[in-house]
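4 protein chains.
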Amino acid sequence: MVVVMKVGATPQEIEAVEQMVRKVGGAPHVVSGVLRSIVALVGDDERFLDLPLSTLPGVETVQRIGKPYKLVARELHQAPTSVRVGNATIGRESFALIAGPCAVETPRQALAAAEAAKAAGATILRGGAYKPRTSPYSFQGLGKPGLEILADCREATGLPVMTEVIEARDVEHVAAVADALQIGTRNSQNYALLSEVGRSGKPVLLKRGFSSTIEEWLMSAEYIAREGNANIILCERGIRTFEPMTRNTLDLAGMIVAQNESHLPVVVDPSHAAGRRDLVEPLARAALAAGADGVMIDVHDNPSEALCDGPQALLPDDLARLGAELAKLAQDLGRPMALPES
Amino acid sequence: MVVVMKVGATPQEIEAVEQMVRKVGGAPHVVSGVLRSIVALVGDDERFLDLPLSTLPGVETVQRIGKPYKLVARELHQAPTSVRVGNATIGRESFALIAGPCAVETPRQALAAAEAAKAAGATILRGGAYKPRTSPYSFQGLGKPGLEILADCREATGLPVMTEVIEARDVEHVAAVADALQIGTRNSQNYALLSEVGRSGKPVLLKRGFSSTIEEWLMSAEYIAREGNANIILCERGIRTFEPMTRNTLDLAGMIVAQNESHLPVVVDPSHAAGRRDLVEPLARAALAAGADGVMIDVHDNPSEALCDGPQALLPDDLARLGAELAKLAQDLGRPMALPES
Amino acid sequence: MVVVMKVGATPQEIEAVEQMVRKVGGAPHVVSGVLRSIVALVGDDERFLDLPLSTLPGVETVQRIGKPYKLVARELHQAPTSVRVGNATIGRESFALIAGPCAVETPRQALAAAEAAKAAGATILRGGAYKPRTSPYSFQGLGKPGLEILADCREATGLPVMTEVIEARDVEHVAAVADALQIGTRNSQNYALLSEVGRSGKPVLLKRGFSSTIEEWLMSAEYIAREGNANIILCERGIRTFEPMTRNTLDLAGMIVAQNESHLPVVVDPSHAAGRRDLVEPLARAALAAGADGVMIDVHDNPSEALCDGPQALLPDDLARLGAELAKLAQDLGRPMALPES
Amino acid sequence: MVVVMKVGATPQEIEAVEQMVRKVGGAPHVVSGVLRSIVALVGDDERFLDLPLSTLPGVETVQRIGKPYKLVARELHQAPTSVRVGNATIGRESFALIAGPCAVETPRQALAAAEAAKAAGATILRGGAYKPRTSPYSFQGLGKPGLEILADCREATGLPVMTEVIEARDVEHVAAVADALQIGTRNSQNYALLSEVGRSGKPVLLKRGFSSTIEEWLMSAEYIAREGNANIILCERGIRTFEPMTRNTLDLAGMIVAQNESHLPVVVDPSHAAGRRDLVEPLARAALAAGADGVMIDVHDNPSEALCDGPQALLPDDLARLGAELAKLAQDLGRPMALPES
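Protein chains in written order, with the numbering used here: chain A, 1 to 342; chain B, 1 to 342; chain C, 1 to 342; chain D, 1 to 342.
One or more hints might be untrue.
Since the list gives no way to pick out one identical chain from another, each pair is judged satisfied if it fits inside one copy or across any two copies.
Stated by the list, open to error - DSSO-like, lysine-lysine: derived pairs with alpha carbons at most 30 Å apart:
hint, residue 1, residue 2
1, Lys-144, Lys-70
2, Lys-23, Lys-6
3, Lys-67, Lys-118
4, Lys-6, Lys-144
5, Lys-6, Lys-67
6, Lys-118, Lys-144
7, Lys-23, Lys-70
8, Lys-70, Lys-118
9, Lys-70, Lys-202
10, Lys-202, Lys-144
11, Lys-118, Lys-23
12, Lys-202, Lys-67
13, Lys-118, Lys-202
14, Lys-328, Lys-144
Hint data in this document are derived by calculation from the structure and do not stem from the laboratory.
Make a model of the complete structure from these sequences and hints.
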């Protein structure tokens, strides 16, 4: 932490900063220039993080040094983590395809999507039984019956199931069915929910908030990890910008930075980022080429009847083609496609 | 809703759009130009909102007409709503000061802040017992004991209590103590929580998500209203932009638009928007001059020891001066300051 | 400047940073903690600003301390600057109204707008002869004949003329007519143009780029000041955000910060920020209440026939009412309205 | 264009809209629903684009249909355009590498970079003689002597030269030396400059403004095309967002949309987007995988002594490795690498 003093700050004001730091056990170093001084603190930021140093007279700004995340940080945990979801693994040694319906609508539709996912080479089935929707008048998901349908799809295809949970009090019963829990973009700073999925011990796919910085995203992961659950998969899904022609702006550089800053695997969701079917395929290829640990793709056998996000869903045939394309490209890039394990 | 067809869309493609619309009872009107055609639908958007029209071949874009919010919309409910919180009222006929500590830390600190609020002319006491914090290592609020301290402050000052709730399963016991519930910016799209506070029947102050459009903000209010609870106060508290010198960018135009689009009262929180004490006072004046229905201000008798957001808290004396200034300015602008009622 | 070393950086890597700094005459201070070290440099940042310190091995980040702007900075020039435009003054001792047509269209329209400005209490006439438009098919301004019309309006009303210049090679002939030059938002980082208006010696109103940080805005002012021209008026006119219901988001906190960071006067343009007539009046009041040094308002006697930005122009009667309202509010706030001087 | 009337708009108000449209030769169609009416206009938007319809009473919003760009639009010009720069071609049939120094600093440094570009397989040499810099105290480029150095580099390597022009009055002498002109991100809405490079007839690489929407970017291209110059290469280089860990956010989806909306080739500049060397390589691969028509990369043989953007420059060896990698990946993707032609 570096406390930048105002031009003309008095020795007493500098001394007050030093005192506040020493009070919590820090060792301040004052460096003085012609115009201004700074008080530098090197060490465990945690103790200083919440010190209201900027309220002291003579202080201009307080700049943090070091990272606020610890358990998920790569800095002190160099080896990348692989996360096991049922019989599948997500990690840096392979590239995984996660696919399935955006929302579970009917047993027939869900099974068709699950079979399309399986046929395209997916190792994990995604599908939503609880859907957070901007409008209260939109389809909100089937709830518990949707979970049962997902369990049937797992039975039929052998794919482990990843599904969203939107409320702390739902975690227990969703975790009873699902192989992995998903935290959606709008809940990425719902800390009560994060702590609860942390306590569940289940693998968690944590979407980046559409307006979260990378640091905030990692701090959300830290909430899960602090409960003793390091089975976290990060998922970049686009951020909100001023551009109206795409739903969100996919931040592939952010995905790479998250891989560098953290030891957790990072996958990409091009379907929700772009919101447009024609962009899903090129963005999925780009994610692989940029080094993502997997992609997550919506599929629907009849998008024109989808109750949720139809415009972005691939048809089963498109998904099959994309799966083959990704498998070939992964091989060309020297990275094998993830396969189901037993 | 207007479905814009691609240049060169075929009559069959236009017909398919018309059919999808008719199937749900809509009356499509085709308007054709030299280069392209559109299919216009005027009427109840609700039925059409989730139609995946953009998945049909030949469709370029689908543009919504009309507003997705209904219960909170001014369009069909011209008279502004006033919301009663304990013995206070928030609405367009007066300008209200809501003040108190950002977080309840100790009985002494909370009471000092509550008395400062009262002395400055506030009619509602704010104060957080549950604090959603970016870092799991930061102070998370006192929880239930914090609620008791707030109840004591109400006893001592006569001010009704507004406090944040961060989880659906907390609503019941928080509502048992509080006069009004607050939904924070990070939970503004936590729809499970919104529905729950809706069902509680308690007045709700709904902060705008720091990355929510005005429309999304009003849709969040719609979630509360749909449960039969129209006692909603909207609160503009700054949006996330690229500017790093302030924490967020206070959107006063957004506050005005929210007043025009909705019949609900809209207040402004300059403390959290700016994150800097020196900006609180001028932004509070600006909010009043722009027509806000109130402001919400943090106060702390010793910001240098605050456990949360010290840099933005006013001192009791500053708050007293601001309260007097706002009362005078409100009068000058022909709008009385809200007073406690009996 | 603080160079933050990576965890595990070697003594040699730290030494290399020190050497690069010493080479340009800096005095580095190393502060070492348990996990990492930093190299602090306090002093004239200018010499260090372009040092590619972050390219050295072992360096994690380089954080600047101190401000990159000098001539326009308040830090070393505490007294606020007043800028004289013809017989008018813009500065912190009064609140000025600048008004006129967005674009000069015809002699009649321009004169009607100028007279409306005068009648409403404006002390400076704004009006564009050169208009930078997003579309090449939109009206681009009258050019030189527009300047002549503006000179006629000055003759008729006695108001000094402020007009936009969009190209370095136009500066000379525009400056021959205008009392003050305006740099528009899209040219706010057109450094060739900034230097040229600096050399002209004329007062310059510098709009904030719609995506410029406050720091970049002040650095653009620095380009003008470096040519020996400190007659600069800053103008906040809204920044680009994700919100679609208003054209841009007026950043009043940014206006205040610019006043604190710089000794230059700062005015606000609510017309272009909001792009909607109904927001102009409340935002102008808010700008005054927040402490702006003036506002700039579009007026048109027949907005439905305006060739540019009709939707945001006030009618002459509306402007008169707003002018009276601002004069009263200024007085209530203890700040006189600027008057023409002789 | 669709004019959405307010709920309760009168027949007279609707009639006034129809009249304004008919006056410029449009054919309005009124579609009325239970709550509101719309007036639809299908046809040439150009005539209606500047009609101030939203100023009329009873009008709620005006929504555009159709695209404001014409000459650069794919809609009416399906075949993709290839642009010839000296003996090189940029277009959809191959993938091009453009490389060179960010800024020309010395003859030695520029030649080393040019040779590194050539060795890595680049077909076009980039290099700046005029540098727009945020600070007036930063290196501003060598100017004319820099152009001569670039000409010498062309002589030595055979690579055609692409260089930035920052002012309309420089176009003539820069065009006398350069094979292609570059418009930088800060000048992307400098319409005087765009028109001037249009008139020069030279190929132009047009960077997206860091805060331009795709539509604004294409409108800037339209300014060039309207002067009869369709030799335009679009360049995506990142947009400004709230994320501080990267300089800008590379918008690969925006690149794809630009390719779909326009017939012009679109390349990607990962160096300036990310501002960090470690991101250049994966983002360049991602750009290729997403279908970009080329990438533009900074190279410097001693980044620690670079006068401009050292942190993002690749070393010659890194560039050679990246060039080989891109060539292999291009082949794997069925798209050949662009080669110099004679």
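- [ ] Please write out, lowest number first, the hints stated earlier that are contradicted by the structure.
- [x] The structure conflicts with hints 3, 4, 8, 11, 14, although it agrees with all the remaining ones.
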